[in-house]
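Model the placement of chain U on the given structure of chain Z, informed by the hints.
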Amino acid sequence: MSSAPGRPIPLWLNAELTYRCPLHCVFCYNPTGYAQHTDELSTEEWCSVLRQARDLGAVQLGLSGGEPLLRDDLESLVGEARGLGYYVNLITSGVGLNEGRITRLKDAGLQHIQLSFQDSTRELNDFLSSTRTFELKQRVARLVKQHDYPMVMNVVLHRINIDHVSEILRMASALGADHLELANTQYYGWAFHNREHLLPDRAQVERAEQAVAEFRAQHEEMKIYFVVPDYHATRPKRCVNGWGTTFLNVTPDGVVLPCHEARMLPGLEFPSVRERELRWIWHQSPAFNRYRGDGWMREPCRSCPEKERDLGGCRCQAYLLTGDAANTDPVCDLSPEHQRVTGAVEAAAQGRRSLPLLFRSDENSRLLLQDSDGGRARDLHGGGGCPGG
Amino acid sequence: MSSAASDAGAPQRRLAFDQQLPLQLGKQFRLQWEPSQGCHVLLYPEGMVQLQGGAEEIMKRIDGKTTLLGLISALEAAFPGADLRDDVVEFAEIAHAKGWLITRAPAEL
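Here the protein sequences come in this chain order: Z and U. In terms of my numbering, the first sequence has 56 at position 56, counting the first letter as 1, and numbering is strictly consecutive. In terms of my numbering, the second sequence has 1006 at position 6, counting the first letter as 1, and numbering is strictly consecutive.
No wet-lab data here; the hints were simulated from the structure. Since this is a predicted model, take the numbers as computed values, not measurements. Misleading hints may appear alongside valid ones.
[As the list claims (entries may be wrong)] Stretch-level coverage of chain U by chain Z, calculated; a stretch enters the list once three of its residues show a Cβ under 8 angstroms from a Cβ in chain Z:
#: 1; region: 1020 to 1033
#: 2; region: 1037 to 1045
[What the hints assert, rightly or not] Below 20 angstroms or equal to it, Euclidean Cα-Cα: the simulated EDC-like pairs (lysine to aspartate or glutamate) are:
#: 3; chain 1: Z; residue 1: Lys145; chain 2: U; residue 2: Glu1046
#: 4; chain 1: U; residue 1: Lys1065; chain 2: U; residue 2: Glu1076
#: 5; chain 1: Z; residue 1: Lys223; chain 2: U; residue 2: Glu1046
#: 6; chain 1: Z; residue 1: Lys106; chain 2: U; residue 2: Glu1046
#: 7; chain 1: U; residue 1: Lys1027; chain 2: Z; residue 2: Asp178
#: 8; chain 1: U; residue 1: Lys1098; chain 2: Z; residue 2: Glu181
#: 9; chain 1: U; residue 1: Lys1060; chain 2: U; residue 2: Asp1086
#: 10; chain 1: U; residue 1: Lys1027; chain 2: Z; residue 2: Glu221
By construction, the Cβ of each residue, glycine as well, lies at the ideal position given by its N, Cα and C atoms.
In isolation and in its complexed conformation, chain Z is listed as follows (with noise of 0.2 angstroms):
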């Protein structure tokens, strides 16, 4: 999805309707600090924004969280939102989904339900997301399909759960899953902070690639898609379509965000919902003009036959790895800091390990905000603000 040239039209709104959530993963991005935000949009205030975006042309709807299923309003966004011309997809754990709630949400003009997995076992599942939800996953799986949607899996992969590639993919097949997402971790939030625990081998990443090659020879009925993981890439991806070019991210408490992230990059002031009109956040606020276009950029970007083609990268992933968010995404070989990503593989590689492996929790949130500055952005790389916002 890509706007025309001309005025940005923000075709994707990502509404993060909760914080909360009732599994702890150890790879989510949601940012370390968010126990500090539990200040909710009403269901009036979501609505506005709804409207709001939709004038601006936003068509796709994505509603994340957290756990999306965790707001009881869910269904009356969905049919306001439906009611606008949104083509409206939830973004959940399955956790709270019944059979009760997805009627109603199949009547308030639902489309299209994304599922996420943490393991194809029980015990992988449980454990990385610190719970007991298997079990209840595969029920809601069979619930998705009784109730005429595709099946649509996502499964985070890194070091402790992409050698069971093979049992994953047979557990989508046995699922019935249409599409299936193998979503290599980004190291953002909770699985930046858990990096060296989640960073995978070279070696895994191409075993992983392997398998899923051979099933995918076998089971052309199952779309599989593999997202390349960013740390063992030499060219970084192109984030969001570019900055404030095509996606919108609404936080749970109203702000205002260009990506999922962002939320953490110093000296930018993202607006609320609740202080400015969505219209002048996307096309006036300083925050979304930052990074538009390709003057902010620095070598050896500027110069670069391919910026148009990635953009530089990531301007959080640059900021957490480099501490400046202007310069290039250190994915990329040319940076002069390349080596912050390729040292970061060799060290988790190695087995070295400085800390434990810490779930996303309230209590763990409120324990690293203590810790001064919400995650070790600071410790690692020298670069001042705070993951948590």
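Okay, now just chain U, sitting in the frame of chain Z:
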């Protein structure tokens, strides 16, 4: 191709779907006019296609009742003098392969 719709010299291709059956949008697809984009768009899970020109003219006539031959007639009536048959057939095949279009089973009629 039925002989009624065949022009001399047109390739006698066998279609991947039954052209006697009405065409409808694939289950997960939704077509709508987007003023901000100035065109019809085809929406599907987490994605969107902008439809312009011929594709837009064809897709906006998909109503679950019209067959491929009906579609060709409707378009030739809307654009008199143009020989659209091959273009429409070609587009319908692509759209069918992508799942945008499906045939409506007789049991549903």
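Is U:Lys1027 within 20 angstroms of Z:Asp178, Cα to Cα? 13 angstroms, holds
Are the Cα positions of Z:Lys145 and U:Glu1046 separated by 20 angstroms at most? At roughly 18 angstroms apart (the allowed maximum being 20 angstroms), U:Glu1046 and Z:Lys145 satisfy the hint.
According to a criterion of three or more residues whose C-beta lies within less than 8 angstroms of a C-beta of chain Z, is the region 1020 to 1033 of chain U covered? As far as the region 1020 to 1033 of chain U goes, the hint holds, because 4 residues have Cβ atoms under 8 angstroms from chain Z.
Holds or violated: Z:Lys223 and U:Glu1046, Cα atoms, limit 20 angstroms. 14 angstroms, holds
Okay, the region 1037 to 1045 of chain U and chain Z, do three or more residues pass the C-beta test at under 8 angstroms? holds (count 5)
Given the hint that U:Lys1098 pairs with Z:Glu181, does the C-alpha gap stay at or below 20 angstroms? The given pair, whose Cα atoms are some 19 angstroms apart, holds under the 20 angstroms limit.
Just to be careful, I want the Cα atoms of Z:Lys106 and U:Glu1046 compared with a cutoff of 20 angstroms; is the pair within it? Holds. Z:Lys106 to U:Glu1046 sits at ~17 angstroms (cutoff 20 angstroms).
Next pair to validate is U:Lys1060 with U:Asp1086; report whether the Cα-Cα distance is within 20 angstroms. 18 angstroms, holds
Against the 20 angstroms threshold, does the CA-CA distance of U:Lys1065 and U:Glu1076 hold or violate the hint? 18 angstroms, holds
Restraint status (C-alpha distance of U:Lys1027 to Z:Glu221 at most 20 angstroms): 16 angstroms, holds
This entry satisfies every hint, going by the numbered hints stated previously.
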